[in-house]
Amino acid sequence: MTDETALQRVKFYQTGTHTVGNRLMDKARRSVQASMDRSNAITSGHRACQGCGEALGARYALDAALRASDGQLVAVNATGCLEVFTTPYPETSWQIPWLHSLFGNAPAVATGVAAGMRRKGRADVRVVAQGGDGGTTDIGFGCLSGMFERNDDVLYICYDNEAYMNTGVQRSSATPPTARTATTPAVGDAPGNIFGTGKNLPLIAMAHNIPYVATANVADLHDLEDKVTTAMDIRGARYIHIMVPCPLGWGSAADATIHVARMAVESGLFPLFEAEHGRVTRSKKIRRRVPVEDYLRPQRRFAHLFKKGQEDTERIARLQRMADANIERFNLLGERETP
Amino acid sequence: MLKQTEGSQAVAEAIALCRPEVVCAYPITPQTHIVEGVGALVKAGKIENCEFINVESEFAALSVAIGASAAGARAYTATASQGLLFMGEAVYNAAGLGLPIVMTIGNRAIGAPINIWNDHTDSMSMKDSGWIQLFAETNQEAVDLHIQAFRLAEELSCPVMVCMDGFILTHAYERIDVPSQEEVDAFLPPYDPIQVLDPVEPYSIGAMVGPEAFTEVRYLAHEKQLQALRRIPEIGAVFKDVFGRQSGGLIHSYRTEGAETIAVALGSVNGTIKEVIDGMRDDGAAVGSVSICSFRPFPLDELRAALVGAKHVVVIEKSLAPGLGGIVASNIRMALRETAVPVYTVIAGLGGRPITMNSLREVLEAAGNMRLPDVQFLDLDHGAVEREILRAKQTRRAGPTAENILRNLGHAAVAGND
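If you're matching them up, the sequences are chains A and B in order.
Mind the numbering: the first sequence is residues 1 to 339 in our numbering, read in order.
Mind the numbering: the second sequence is residues 340 to 757 in our numbering, read in order.
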């Protein structure tokens, strides 16, 4: 048993947040926020909102990919927040070669970059494509499915903040039931987004039998980095779906991004798992299960569920059943594995 | 090498000679034989270092080409009709990014009503996308224009569409001189991009540009087209030196010396027009024709010089701007804006309607006799449209008109007479 697994076995974690303390990790595995030696795909000075989950998720994902590829990395970006806040002309935050074409074609453009690199004798240059949930689950879905089906050598990362935030918080097919958006207002008999809609892209990705699919979350950056590193070790089509809270669209406090993201995992609403060739191989166990209310309450997009004196117990219970189903389906409460 | 071959096959062989590195394919009639041909050549190992990627849509086809081109590879694709519209967003994007992609358009009508036959509505829909648009008159010219297109695109960092008439050219078997690899290599140097995705020198390509610089970016796109106006004839001249034949250029004039009536057209119909001109010249009529090879950039000065001596200019065009008339004719009027030469629009060949020598002769004679209206639809079935207009007046009803017209024409075999 290595020192690291010994540490994990006794489950040191911080009492307040239930995160694995960075300083308790083996030195090689500690997350580094800033240092001269740290890989730095997206540098400071970009224009993301305060508390932006996407900026955090993208930075850790791409930095991990940059390390895994020994600096030989190209990023392709769909139109969206990440594209806009990193490249206001004539400035750019990107320290790696970066290409933005359109909203709906990032997977196909990435396929082309990978093919071009191979033909130019640069097969060592790895390609990451990325987009938000709108660019991935809606408008870019056709191109994404095509890229998966051809098993093109691209890692596609979806930063899912569950709505079209760049255009002002409109519903996407990743918006959860009951969430208020500008196009699913919290009015009428079924306030917010309705039940029975939306698509689960990680499962759809798995149905393509691609080598690797994973979900990740900005509340556990070690896990996120591990999954990106694992994905970068594989050739072919890979998909990582990262939940990234959006303080603006979710109506959560800018300093609550990590907390909200963690509650999504601990409630079971956002299961963390990995799959290879269409089969779930590993799921991240919930440390301390919380009711869905703990996730929903800090977000104003769900405020209509918690009106004083008329709490919408029926819909909250329905969301709880969704979380319960995830816990069952992905075995999220089972014995934690040693890493 | 001279061979009797199908236009699409000859173009596929020409593409192979240009040593593309990434070819993306999505089938759509009538360009399908071209990508099939290229695919077979790649699979047989006849094109060194080339990837042939079967994609899920035309939108993806051009998007893959965009990625490959930005990575520094020579990229090619082909499409037609609805396919060009479906990739429309990427068409503008490729031009905006300055990527020298070459794409064949097997020209075909746009629905509804769905129609697989030839006209120029597809290419015309993208005339202002920033791509160079070259129209082939013959299959030989289609072959030659593709070879020139790569050189032009890569010199100017601007994508080029080579437009060839669907079926009339793509599916026609005729004698074509397919050049040798040595000739093409002597004419077309390898692609050496000025800016490419490279971890050693990381660029951000495709950044957001606001009002402070957008106009300048667009101006430079216009300037690039004006440069193409100079480079197209020069490249044509180099081509002639290497291959020994005149192909491409901005426009071709045919028997315009002393011509009072001049027909202007794009693409293969010029073959028919030349035959009509010959016949009318034999009968003593002062007629000639001009074929436009480069529609974008539009050669205003050359056309003005070619047409200014005429008394009547008749534009035969395979596209329609509903509510206005002719698209090409409007452009020709721009070329003749400081002259008094009248420009007539003849909308012809829509959705594959044959353009016959008799009908062409009639309109050219009518123009000479001052009897041609501003906008004329060649061989229009006036009875059918008048019945439909009358019917629409009597019973106002929203819905598709095509079925009503077909019923009027007696073409719709409807079970149970109604």
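Everything labelled a hint here was simulated from the structure, so no lab data went into it.
Everything numeric in this text was worked out from a predicted model, so none of it was measured.
The C-beta atom is built at its ideal place from N, Cα and C for all residues, glycine as well.
Mixed in with the good hints, there may be bad ones.
[Stated by the list, open to error] 20 Å max Cα-Cα, derived DMTMM-like pairs, lysine to aspartate or glutamate:
#	chain 1	residue 1	chain 2	residue 2
1	A	Lys120	B	Asp516
2	B	Lys385	B	Glu522
3	A	Lys120	B	Asp531
4	A	Lys120	B	Asp524
5	B	Lys342	B	Glu513
6	A	Lys120	B	Glu540
7	B	Lys385	B	Glu345
8	A	Lys120	B	Asp537
9	B	Lys342	B	Asp516
10	B	Lys650	B	Asp720
[As the list claims (entries may be wrong)] Quick partial rundown of chain B residues pointing at chain A, CB under 7 Å, derived from the structure:
#	residue
11	Ala409
12	Ala412
13	Tyr542
14	Ala546
_Hint numbers not upheld by this structure, sorted from lowest to highest_ = The structure conflicts with hints 1, 10, although it agrees with all the remaining ones.
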